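Trainee: This is what each chain is made of:
2 protein chains.
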Amino acid sequence: MYNESMLQMGREPSVIRELFAYGAARKAEIGEDKVFDFSIGNPSVPAPASVARALEELSHMPPEKVHAYTQSAGDPAVRDAIAQNLNKRFGTEYTAANLYMTCGAAASLSISIKALLEGNEEVAVVTPFFPEYRTWIESHGGTLVKVLARESDFQIDLDAMEAAVGPRTKAVVINSPNNPVGTVYSRENLEGLARILERKQAEYGTTIFLISDEPYRELVYGGTEVPWVPDIYANTIVCYSWSKSLSLPGERIGYILVPPTVADWENVFFAIAGAGRALGFVCAPAAFQQVIARCVDEPADIAAYESNRVLLASMLDELGYEYIQPQGAFYLWIRSLEPDAKAFSERAKSFELLLVASDSFGVEGWARLGYCISPDTIVNSRDAFAALKASYA
Amino acid sequence: MYNESMLQMGREPSVIRELFAYGAARKAEIGEDKVFDFSIGNPSVPAPASVARALEELSHMPPEKVHAYTQSAGDPAVRDAIAQNLNKRFGTEYTAANLYMTCGAAASLSISIKALLEGNEEVAVVTPFFPEYRTWIESHGGTLVKVLARESDFQIDLDAMEAAVGPRTKAVVINSPNNPVGTVYSRENLEGLARILERKQAEYGTTIFLISDEPYRELVYGGTEVPWVPDIYANTIVCYSWSKSLSLPGERIGYILVPPTVADWENVFFAIAGAGRALGFVCAPAAFQQVIARCVDEPADIAAYESNRVLLASMLDELGYEYIQPQGAFYLWIRSLEPDAKAFSERAKSFELLLVASDSFGVEGWARLGYCISPDTIVNSRDAFAALKASYA
Chain A
1 MYNESMLQMG
11 REPSVIRELF
21 AYGAARKAEI
31 GEDKVFDFSI
41 GNPSVPAPAS
51 VARALEELSH
61 MPPEKVHAYT
71 QSAGDPAVRD
81 AIAQNLNKRF
91 GTEYTAANLY
101 MTCGAAASLS
111 ISIKALLEGN
121 EEVAVVTPFF
131 PEYRTWIESH
141 GGTLVKVLAR
151 ESDFQIDLDA
161 MEAAVGPRTK
171 AVVINSPNNP
181 VGTVYSRENL
191 EGLARILERK
201 QAEYGTTIFL
211 ISDEPYRELV
221 YGGTEVPWVP
231 DIYANTIVCY
241 SWSKSLSLPG
251 ERIGYILVPP
261 TVADWENVFF
271 AIAGAGRALG
281 FVCAPAAFQQ
291 VIARCVDEPA
301 DIAAYESNRV
311 LLASMLDELG
321 YEYIQPQGAF
331 YLWIRSLEPD
341 AKAFSERAKS
351 FELLLVASDS
361 FGVEGWARLG
371 YCISPDTIVN
381 SRDAFAALKA
391 SYA
Chain B
1 MYNESMLQMG
11 REPSVIRELF
21 AYGAARKAEI
31 GEDKVFDFSI
41 GNPSVPAPAS
51 VARALEELSH
61 MPPEKVHAYT
71 QSAGDPAVRD
81 AIAQNLNKRF
91 GTEYTAANLY
101 MTCGAAASLS
111 ISIKALLEGN
121 EEVAVVTPFF
131 PEYRTWIESH
141 GGTLVKVLAR
151 ESDFQIDLDA
161 MEAAVGPRTK
171 AVVINSPNNP
181 VGTVYSRENL
191 EGLARILERK
201 QAEYGTTIFL
211 ISDEPYRELV
221 YGGTEVPWVP
231 DIYANTIVCY
241 SWSKSLSLPG
251 ERIGYILVPP
261 TVADWENVFF
271 AIAGAGRALG
281 FVCAPAAFQQ
291 VIARCVDEPA
301 DIAAYESNRV
311 LLASMLDELG
321 YEYIQPQGAF
331 YLWIRSLEPD
341 AKAFSERAKS
351 FELLLVASDS
361 FGVEGWARLG
371 YCISPDTIVN
381 SRDAFAALKA
391 SYA
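As you go down the protein sequences, you meet chains A and B in turn. Letter by letter, the first sequence follows residues 1 to 393 in our numbering. Letter by letter, the second sequence follows residues 1 to 393 in our numbering.
For the record, the hints were derived by calculation from the structure and aren't laboratory data. These numbers come from a predicted model, not from an experiment. One thing to keep in mind: the hints can contain errors.
Note that identical chains are pooled: a pair holds if it fits in a single copy or bridges any two copies.
Straight-line Cα separation of at most 20 Å, EDC-like style, residue types lysine to aspartate or glutamate; simulated pairs [to be verified]:
| # | residue 1 | residue 2 |
| --- | --- | --- |
| 1 | Lys27 | Asp153 |
| 2 | Lys349 | Glu32 |
| 3 | Lys65 | Asp301 |
| 4 | Lys65 | Glu32 |
| 5 | Lys200 | Glu188 |
Can you build the whole structure from these sequences, using the hints too?
Mentor: See the structure below:
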């Protein structure tokens, strides 16, 4: 009577949301400061004042200039402002014609995948990965192929990629700075990936798209370079959102960039516009397109995440936890103290520590700590982390 | 190398958008007041002052209270405000649990269709219809079955519906007040539809959903009743947006209502949540959810459409055009002066009159006039309409 797989998808509680809901209930029960919730990836830094100024400005404009339909790809002036910003930062020559505005990164990814898949083709995904990748790939008729990251540093494992990419590979999805690990792929690592994809394209006579999911692009620490992926591999499509950099996750505003280096890029852009239409997206929210045009040069405010990162890492160092040094995003990837990460996460809960087991991201043996939280939570969690460790002694 | 049907969908210019673009170019060429553009369905009445006040208020609130992720179904307080508004108007007892907030009516329809279709089932659509219905039904694997409206008054043709609904019918889509015709289905007509669907459900042992697409609900004239469809047929799902009633088409804000009368409604709601997730919708734009909570009781400002309707209808009466008396929305459906409506629309263009041929909506022999325009355009178009008529004498 209705679609069973949609029902399952709507029913099945996301482990992350479930843990977050548990945390909220637990805080109500034993007190806000007694629960150490590292489960979420919701920006704790508020949107900058320039967003509020832009909104106020829009509230004084003639409404028909603010709330009308835009072109389905977005207001050309807004797209032009974004192109200029990218050109300044990356020395590129993009124009409005390369940019398709979306309702956030989820829409960017879903639309891109829908636009590219011609049937049951494969999409290779560096693993661990954001769990919704599977949802969109499978919903649009494709097959997700896991490509495990190198366990030493969670960079792309080039041997594994070499083995995974075949004649049915339509696209590869990467996410750097990475959720859940916090790694940033090095230039050398990305160049290695590009060489593999170029060779495979030549070997199979196919086009393999690299979908670079970059909502955390500006959230990097210690001068880490985030290479501009389209400079390294021609057939790169960039999916972006301002959810993290401007702390606007609820507003659903982002873009798909189809650089002119992409093979047959104008038709790829048309296919993206067609996929947006097919899925029921009409245009990205109009007022927030205007907000973006006014705030596009605003730097991301990463000071709080940066100091949280240092605080959390030094505490874990002191307590002897093993983890991957985070370079970007606002996540830290910690080694589970037993092989079963779900059991580890459950035990952590008994110490009021909420961590997401790595199984949610497609691998075993680790857990994700989100540090987009109050520094007090980190400081106050010390005893709980110590007790958790001691419980395994 | 990319999906060909998405490419076609992105390439193929919508006739309406193409005509609108032609009009804009033509105005630049011969002067704004020399072109009579009836092609569009973009609200000409600006959003009410309460929207601007709400936006300004939001600009002074802590950003994290405005721009954060909401639940995927929407902020419970916003959904509750909408439920209260519906309950006051329709004597219902809806709660937040019956409402799933969306990025506008297009998203509402796409998500509902995706949630319901289990395979290649049929969706019966009263014809003429909004052309994107076909896009969403076919994109989600279904088959659109046209059910021609009665040509005398463009109400639902119950005999045609009886013949069209079969064991593979998953849903019927209606749109009242109607785009493109401007009719409002009478209570009697809807009761006839309900009897057919109830009988067919019993005969086939299936559930047949009635998807009631209602973005024009509040745009009605002369005291015409717009019956509350879920009161007439239990398995009704309502798709709504504030694009027309609050003139917010670019903001992409609407809802899906799954009333508790719908069979297994909680699971239908879950399937809708799953479909939203599968398509890449995360939540409806957060700030505009808050705007809606503040403006939900604001009446639609229909005075300008009402007087345009009278102006246009009396001019066409005087000139001897045949048309369907519009009761709602902001469209008037005029009989083509030759069997080929596309040729009629082309000839109208030579008189600087822009009308959309009925072929775009799935029928022949008519054209749509949108009267959400300046009254001056209507007044000044008189000679052109007279000349168009004379050219057929």
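Trainee: Determine for every hint whether it applies to the structure shown.
Mentor: Here is how each hint holds up against the structure:
For the homomeric pair Lys27 and Asp153, neither the shortest alpha-carbon distance inside one copy (35 Å) nor that between copies (61 Å) is at most 20 Å. Only within a single protomer do Lys349 and Glu32 lie at most 20 Å apart by alpha-carbon distance; the minimum there is 15 Å, versus 67 Å between protomers. Only between protomers do Lys65 and Asp301 lie at most 20 Å apart by alpha-carbon distance; the minimum there is 18 Å, versus 30 Å within a single protomer. In this assembly of identical chains, the alpha carbons of Lys65 and Glu32 lie at most 20 Å apart only when taken from different copies (18 Å versus 44 Å within one copy).
For the identical chains of this complex, Lys200 and Glu188 are intra-copy neighbours only, at 19 Å inside a copy versus 64 Å across copies, given an alpha-carbon limit of 20 Å.
Of the numbered hints listed earlier, the single one contradicted by the structure is hint 1.
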